[in-house]
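Asker: The chain contents come next:
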Amino acid sequence: MELLCPAGSMPALKAAIEHGADAVYIGLKDDTNARHFAGLNFDEAKLKDAARYVHQHGKKLHVAINTFAHPNNYQRWQQAVDMAADAGADVLILADIAVLAYAAERYPKLERHLSVQASATNAAAIDFYRQFNISRVVLPRVLSMQQVRALARSCDIDLEVFAFGSLCIMAEGRCYLSSYMTGQSPNTAGACSPAAFVNWQDNNGTLESRLNGVLIDRFAPNETAGYPTLCKGRFTVGNDTYHALEEPTSLNTLDLLPELYAEGIKSLKIEGRQRSPAYVAQITKVWRAAIDAVMATPERFNVQPQWQQVLAGLSEGSQTTLGAYHRKWK
Amino acid sequence: MQFSLGPVLYFWPKAQMLAFYREVADSDFDIVYLGETVCSKRRELKFDDYMAIAHMLREAGKQVCLSSMTLYESPGELRELRKYVDNGEFLVEANDVGAISMLQQQGLPFVAGAAINCYNQHTLRRLVSMGLTRWVMPVELSGQWLTEVLHQSIIADIRDCFRTEVFSFGHLPLAWSGRCFTARSENRSKDQCELCCINYPQGREVTSQDGTQVFVLNGIQTQSGQRYNLVNQLSTMQGQVDIVRLSPQLSGTFDWLAKFKANINGTAPQPLPATDSNGYWLNLAGMATG
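Note that the protein sequences, when read in sequence, are chains V and Y. Under the UniProt record's numbering, think of the first position of the first sequence as 1, with each following residue one higher. Under the UniProt record's numbering, think of the first position of the second sequence as 1, with each following residue one higher.
Just so you know, not all the hints are guaranteed correct.
Said to hold, decoys possible - Derived, one-sided and incomplete: chain V residues facing chain Y with beta-carbon distance under 10 Å: (1) Lys29; (2) Val99; (3) Ala120; (4) Arg130; (5) Ala150; (6) Ala152; (7) Ser185; (8) Val198; (9) Asn199; (10) Trp200; (11) Arg234; (12) Glu246.
Said to hold, decoys possible - Which chain V residues stay away from chain Y? Per the calculated CB distances, all over 10 Å, these: (13) Glu2; (14) Asp22; (15) Asp43; (16) His57; (17) Ala101; (18) Leu110; (19) Ala123; (20) Met170; (21) Gly173; (22) Arg174; (23) Met181; (24) Asn187; (25) Arg218; (26) Asp240; (27) Thr241; (28) Arg327.
Simulated from the structure, these hints should not be mistaken for lab results. A virtual CB, placed ideally from N, CA and C, is assigned to each residue, including glycine.
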């Protein structure tokens with residue numbers, strides 16, 4: 001079982017490798033990946049440095065090229081594939097059918113993983129993508145453990161699941177909420193609820209967060225204010241004002257680790273390419289210890305309280321959830 | 001330019017559905033999409049009921065297409081999809097690539113619905129080679145984006161192999177989740193939802209704390225708070241949009257069809273209600289009005 005960690009910069013990448021990641025995933029410095037944030041990601045020279053560093057340590061580098069190519073700039077997505085292949089990436093994480101086809105034809109020996117943004121939630125969808133000779137599928141965060149188990153047992157392909165980090169509650173790759181509010185979505189711009197549209201206002205001690213003018217939440221002086229990700233705001237439905245879609249909380253699957261291991265899940269992905277090197281270091285350390293423990297003696301695996309403590313401290317709103325893996329969440 | 005009626009996205013009781021489709025049979029819609037696209041637990045109408053409606057509509061002169069679901073999560077749901085694929089008579093709209101996979105294996109033509117991620121000419125060309133005959137572009141794309149796709153030389157030799165369709169009226173389907181938000185709004189879990197979305201035939205409104213309508217909850221689907229309305233954009237669609245889709249609303253669907261048809265050439269523009277938007281088509285935020 002692989003530990004796959006995020007990196008938005010060389011320091012984060014080094015932190016991941018130093019603290020026990022088996023592989024690191026990164027993106028290029030443009031909108032060809034789903035974490036297209038200012039100051040983040042790798043240009044061509046840094047990409048080569050990253051590949052060199054990771055390989056020197058005997059680990060693997062995955063490059064996410066997982067937005068959908070624009071009609072007038074299609075070459076940019078092709079060039080991203082070329083650049084990653086040329087730099088020596090071990091894996092491409094892809095979502096667009098055209099980009100998958102290009103990579104499969106041009107670089108047949110370069111491993112292709114189906115990005116979560118391709119939104120493959122069932123066996124028939126996985127079958128569809130087999131024509132591009134993918135070797136692994138990253139599952140969307142909408143499936144229950146029972147559904148993950150059914151896929152693991154019925155599909156003859158490696159599966160990767162999200163283990164920890166920000167929780168997308170919608171089927172990834174098919175959520176247009178962000179472009180509805182801002183004009184930019186993960187699919188088209190590589191960003192959800194982009195920072196350029198965020199506005200904070202203090203009204204006599206009540207802090208208001210807005211996204212492109214829409215009030216996402218109001219925080220009383222004693223409340224911790226979170227980033228206005230639009231699906232995690234407090235809205236009114238009927239007579240109730242509450243987190244109508246989801247609370248600000250992070251996904252944490254430590255409790256499920258023995259089950260995921262037993263089902264042969266190939267890789268655990270940690271979300272957070274936008275996070276700091278210190279964050280990546282701490283998360284990686286905990287998950288390395290947890291994976292080592294479950295692989296050594298799966299039947300005696302116990303979640304250590306100190307692991308949970310560290311993860312809670314690194315979570316949105318200091319809360320964690322099993323998300324869709326747990327049926328009750330749904 | 002033809003006009004299509006999308007599948008009913010809400011959960012309406014059987015009698016209401018049957019009455020609605022009797023009206024559809026007498027309407028000016030050219031094409032009708034039928035089927036449950038949101039939640040497999042909604043079983044007021046079963047597959048055979050949809051087939052009976054499909055036959056009735058075909059006899060009334062409509063082109064009928066069966067719409068399949070967007071989010072398939074279980075083997076049971078795929079078995080239901082198989083029935084749609086194997087219906088033997090009607091074209092199928094795929095809203096998940098799983099459906100495309102099954103249709104392709106049978107050598108059947110298909111419509112790629114708006115939830116299929118086709119954003120560029122190369123993907124479109126691949127889908128045409130798999131059997132796509134009609135392309136409903138993703139709802140978040142603009143008229144300009146559509147033009148850019150269609151004007152690429154790589155599309156030129158296959159432009160006659162498919163027709164284009166644009167979701168042009170109704171609350172936009174924007175997201176699908178493992179979680180049921182209507183059940184959540186009633187403090188129920190999805191497992192104990194008691195099919196409560198049947199009580200919300202237009203979905204449940206979600207407003208911001210200062211009163212702006214933000215979204216509409218429709219079970220596991222989240223829709224736009226604003227109703228999308230491209231009635232005044234039809235003249236700019238000429239030559240690149242073959243089919244204009246209206247999504248069934250609880251009321252007024254047929255009146256709006258008349259307004260759309262009257263304004264094909266831009267000669268009968270309509271004042272847009274404040275609750276409507278057209279931002280996506282105009283390359284703005286979806287909720288905006290240009």
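Asker: Hint compliance check: list the failing hint numbers for this structure, sorted ascending.
Answerer: 1, 6, 8, 9, 10, 17, 19, 20, 21, 22, 23, 24, 25, 26, 27 and 28
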